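**Q** Same order as they appear, the protein sequences are chains C and A. For the first sequence, the residue numbers in our numbering are 2 to 69. For the second sequence, the residue numbers in our numbering are 3 to 133.
The reader is advised that the hints may include incorrect statements.
To be verified - Heads up, simulated SDA-like pairs for lysine to any residue below, C-alpha to C-alpha not over 20 Å straight-line:
1. A:129 / C:59
2. A:71 / C:27
3. C:22 / A:64
4. C:44 / A:132
Just so you know, the hints here were simulated from the structure itself, not pulled from any lab data. Just so we're clear, the structure is a prediction, and the values are computed from it rather than from any experiment.
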Amino acid sequence: MKTRIKEFRARHDLTQEALAKMVGVRRETIVFLEKGKYNPSLKLAYRISRCLNATIDELFIFEDTDFK
Amino acid sequence: MKNIKKIYMYKLALGVILLLAGIVSAIFYKNETSFSSFLIIMGLVLFVLTAFRLFRQGDFPDRDERTKKLAAYGITYSWLLTLVLISVFYLANYFKLVEFTAGSVLGILLIFMVISANIFRWYFMQKSDVE
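Next up, chain C with everything else stripped away, as it sits in the complex (with noise of 0.2 Å):
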């Protein structure tokens, strides 16, 4: 799964830390989100869309693939 967590982190100015500590999980999560090697829980995944002033499509990008 690719995420756009970092570029929408860019646009609103925000560190991983900060990030992380707006969702309440540890900055390694997030550390490991933007590198596609976690995938969130949808509860996850909408906090962070949600402090990122996105949706949960545009910030996660899931391929064919995923799903097998």
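Keeping the supplied structure of chain C fixed, place chain A upon it in accordance with the hints.
**A** For chain A alone, kept in the frame of chain C given last:
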């Protein structure tokens, strides 16, 4: 100290209580050295680990959905491995290859489960996620 989380405070207090209980036990029950040592070690480990985590984590949550998920997987794998170990113990005992005492088996399982759960957890943390 103002931002210290409640859970850390409880853990630190429990560590100190265990440590003190161990010291008191060592003073009054001189024959029960193993029990006193157990309490002292448990108290020290709990206190030091909590203090270390507090220092490392700062304001961030101790756990989040990712770490909880990885810990759950770690415990599951550890449980499965323990099941295999118990089967091996059972067969070894059945075929009289090794003579176990209940105490030794419980001791081995206790240590094995704690260590294997932490190793699996650490392994999954390195992988970032688990499917």
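**Q** Hint by hint, note whether the structure agrees.
**A** Tested hints:
Restraint check: the Cα-Cα separation between residue 129 of chain A and residue 59 of chain C comes to about 26 Å, which exceeds 20 Å; the hinted pair is violated. For a cut-off of 20 Å, the pair hint linking residue 71 of chain A to residue 27 of chain C stands: about 13 Å separates their Cα positions. The hinted pair formed by residue 22 of chain C and residue 64 of chain A meets the criterion: a straight-line CA distance of about 12 Å does not exceed 20 Å. For a cut-off of 20 Å, the pair hint linking residue 44 of chain C to residue 132 of chain A stands: about 18 Å separates their Cα positions.
Taken one by one, the earlier hints fail for this structure only at number 1.
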